[in-house]
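**Q** In case you want the letters, here they are:
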Amino acid sequence: MKDLVKFRPWLPLEDRDACCVPSEFITSGKLSLQYGETSAFKDVSLAINKGCITAVVGPSGCGKTSFLLCLNRLIDLVPNARVSGTLTINRQDILSPATDLIRLRRQVGMIFQKPNPFPLSIRRNIEFPLHEHGVKDREQRAHILESTLREVGLFEEVKDRLDAPALSLSGGQQQRLCIARAIALAPEVLLFDEPCSALDPISSGVVEDLIAEMRGRYTVVIVTHNLAQARRIADYVAIFWTQDGAGKLIESGTAAAVFESPTHALTAAYIGGARG
Amino acid sequence: MAESVGRNHPRSEWLARAMVWSAAALVTVTFCCILGNILWQGLSHISWTFLTAPPRNAGREGGIGPILVSTGLILGVCLSVSLPIGIGAAVLLSEFTADDSVFGGLTRRSLDVLSGVPSIVFGLFGNAFFSKTLGLGFSILSGGLTLACMVLPILIRATEEGFRAVPQDYRLSAAALGLSRTTTLFHLLLPAAVPGLLVGLVLGVGRAIAETAALIFTSGYVDRMPASLMDSGRALSIHIFDLSMNVSGGDANAYASALVLVAALLMINSASDWAMDHWLQRRIVFA
Chain A
1124 MKDLVKFRPW
1134 LPLEDRDACC
1144 VPSEFITSGK
1154 LSLQYGETSA
1164 FKDVSLAINK
1174 GCITAVVGPS
1184 GCGKTSFLLC
1194 LNRLIDLVPN
1204 ARVSGTLTIN
1214 RQDILSPATD
1224 LIRLRRQVGM
1234 IFQKPNPFPL
1244 SIRRNIEFPL
1254 HEHGVKDREQ
1264 RAHILESTLR
1274 EVGLFEEVKD
1284 RLDAPALSLS
1294 GGQQQRLCIA
1304 RAIALAPEVL
1314 LFDEPCSALD
1324 PISSGVVEDL
1334 IAEMRGRYTV
1344 VIVTHNLAQA
1354 RRIADYVAIF
1364 WTQDGAGKLI
1374 ESGTAAAVFE
1384 SPTHALTAAY
1394 IGGARG
Chain B
7 MAESVGRNHP
17 RSEWLARAMV
27 WSAAALVTVT
37 FCCILGNILW
47 QGLSHISWTF
57 LTAPPRNAGR
67 EGGIGPILVS
77 TGLILGVCLS
87 VSLPIGIGAA
97 VLLSEFTADD
107 SVFGGLTRRS
117 LDVLSGVPSI
127 VFGLFGNAFF
137 SKTLGLGFSI
147 LSGGLTLACM
157 VLPILIRATE
167 EGFRAVPQDY
177 RLSAAALGLS
187 RTTTLFHLLL
197 PAAVPGLLVG
207 LVLGVGRAIA
217 ETAALIFTSG
227 YVDRMPASLM
237 DSGRALSIHI
247 FDLSMNVSGG
257 DANAYASALV
267 LVAALLMINS
277 ASDWAMDHWL
287 QRRIVFA
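Going down the list, the sequences are from chains A and B. Add 1123 to the 1-based position in the first sequence for the numbering used here, that's all there is to it. Add 6 to the 1-based position in the second sequence for the numbering used here, that's all there is to it.
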């Protein structure tokens, strides 16, 4: 399995190894979301495979981010948002009112567009959520702190100033800290909402490589405007489009299939435009 | 056309500048005049004995020891009641009430009206409710509770603004990490809202410590050292009022007391600035 997940981002799509044995982990069935009277997206049925990277792409305002927010029920924080349809993660119905949201959000981590570390020290940013999730042993927390910072390639850069404010880090470092903070809780799914769009090209590349390396270890769902990025890192692609005033899923499949031989005319035009 | 703009522009700018500067100068000069007058007339009477000794001969001689103690106690009662209620109400308004809710709107509107109500009205209310209905009489407790009612609107609104100034990102990322609302509130939002709380505290304490009208009817003007919170106690501002209005020959001590009051206000202001700079920066850091 470990060998299978080895992946180099610059390989052409058709030469890429399968990330895993495809097995559905997240399944949405006719999922719809309404903000008051306006529909954000409608009837989205999508299966997301375990251990793979699924990119959700499409023009602005077609409900990509809203879809992501449903996967960890952060949508509950938006007033007047109403979700219908079915949504399961690991065969658990997560839309049920009985869902333990704290457990769900520990299982499904999220990284936002703008890096948003807490106004605490670098150390506290990672240790504070751990402590609140019941990791009371100081040494264990310190161990997780180091290993997650290493995992995101930040440890060498900050090891001498772990008690410095997290907001003194650069944008790219802050984003990697946010990724470390999310994986410290050992989630199974990681949601990325345009994680590179607020970063400079070099930091953006570092974060992108980091996401590519997560293949096989986490189920990754990434919303991106950057088709080239989706092409580079995604195993599966889902294209959202606004039709009749609501976001719709117009095409989904393996990255190779969607990029090389799109079946939907809109997809072909969208990808063609990005290519041209 | 270009020429006329070139000629008119500096003139109108000069006028605007002159108006802004003279307004600023007027405020500064007025403040300096008042402060200078108080310093000139009061400074020579300030001494350790003045600060600690009891007043004699209706305040013409002696000091303000018991009056300082009463003022401190009234302020203490006021803060220990208004701080918890104030923070609680601000949390309710900013974190647990939807922006467009009727309850929130009504509460905010009534608080804004209350903060504009003249203090004499609070005094009459305090006298009727705390002194008579609750039977607390003329006491430091009545005075402190009345002041708490007066300070609360300011404190709640400023603290609420403090909570609203905390970026929404913190709430979202905390929720995304599976942190409970209570944890988020106590560990992230409350520390981040402290600047707003301090602003409210300084405004509130400033209003409370300078209050006269509300206290005449509630804490009374007995100038003895209070033995308990149920004793009547004379606040500093009432002492100044009494010396300058009712006691002939009390002017010198009135000025000295006013100087102490102004000094206390300045000290509270600098203390909150210091707290903001040192204690807060160490605990929570904004880049």
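Keep in mind that the hints are not guaranteed to be accurate.
To be verified - Covered stretches of chain B, as calculated for chain A (at least 3 residues, CB under 8 Å): (1) 173–187; (2) 214–221.
Claimed, not checked - In silico negatives: residues of chain B with every beta carbon more than 10 Å from chain A: (3) Ser18; (4) Val33; (5) Thr58; (6) Gly71; (7) Leu74; (8) Ala104; (9) Ser116; (10) Gly122; (11) Leu130; (12) Val205; (13) Val208; (14) Tyr227; (15) Met231.
Treat the hints as calculated values from the structure; they're not laboratory data. None of these values were measured; they are calculated from a predicted model. Using N, Cα and C, we set each Cβ at its ideal position, and we do this for glycine too.
**Q** Does each hint fit the structure? Answer for all of them.
**A** Cross-check of the supplied hints:
1. Residues of the stretch 173–187 of chain B lying with their CB closer than 8 Å to a CB of chain A number 13, which satisfies the three-residue condition for coverage.
2. With 0 residues carrying a beta carbon less than 8 Å from a beta carbon of chain A, the stretch 214–221 of chain B misses the three-residue requirement, and the given coverage is violated.
3. Chain A leaves Ser18/B outside its interface by the beta-carbon criterion, the shortest separation being 41 Å against a cut-off of 10 Å.
4. With 10 Å as the threshold on Cβ separation, the claim that Val33/B sits away from chain A holds: the shortest Cβ distance comes to roughly 35 Å.
5. Separation of Thr58/B from chain A is adequate, the least Cβ-Cβ distance of about 44 Å exceeding the 10 Å criterion.
6. Here Gly71/B stays apart from chain A, with its beta-carbon at least about 44 Å from theirs, past the 10 Å limit.
7. The Cβ of Leu74/B sits about 39 Å from the closest Cβ of chain A, beyond the 10 Å cut-off, so the non-interface label holds.
8. For Ala104/B, the requirement that its beta carbon stay farther than 10 Å from each beta carbon of chain A is not met, with the minimum near 6 Å.
9. Non-interface call for Ser116/B relative to chain A: holds, since the shortest CB-CB distance, roughly 24 Å, exceeds 10 Å.
10. A cut-off of 10 Å between C-beta atoms confirms that Gly122/B is not in contact with chain A; the least separation is 31 Å.
11. With a cut of 10 Å on Cβ distances, Leu130/B stays outside the contact zone with chain A, its closest approach being about 42 Å.
12. Non-interface status of Val205/B relative to chain A is upheld: no Cβ of that chain comes within 10 Å, the nearest being about 18 Å off.
13. The claim that Val208/B lies off the interface holds: its Cβ sits roughly 22 Å from the closest Cβ of chain A, which is beyond the 10 Å cut-off.
14. At roughly 48 Å, the least C-beta separation between Tyr227/B and chain A is larger than 10 Å, which holds for a residue marked as non-interface.
15. At the 10 Å boundary, the C-beta of Met231/B stays outside the reach of chain A, the nearest C-beta of that chain being 46 Å off.
Hint compliance for this structure: hints 2 and 8 are not met, and every other hint is.
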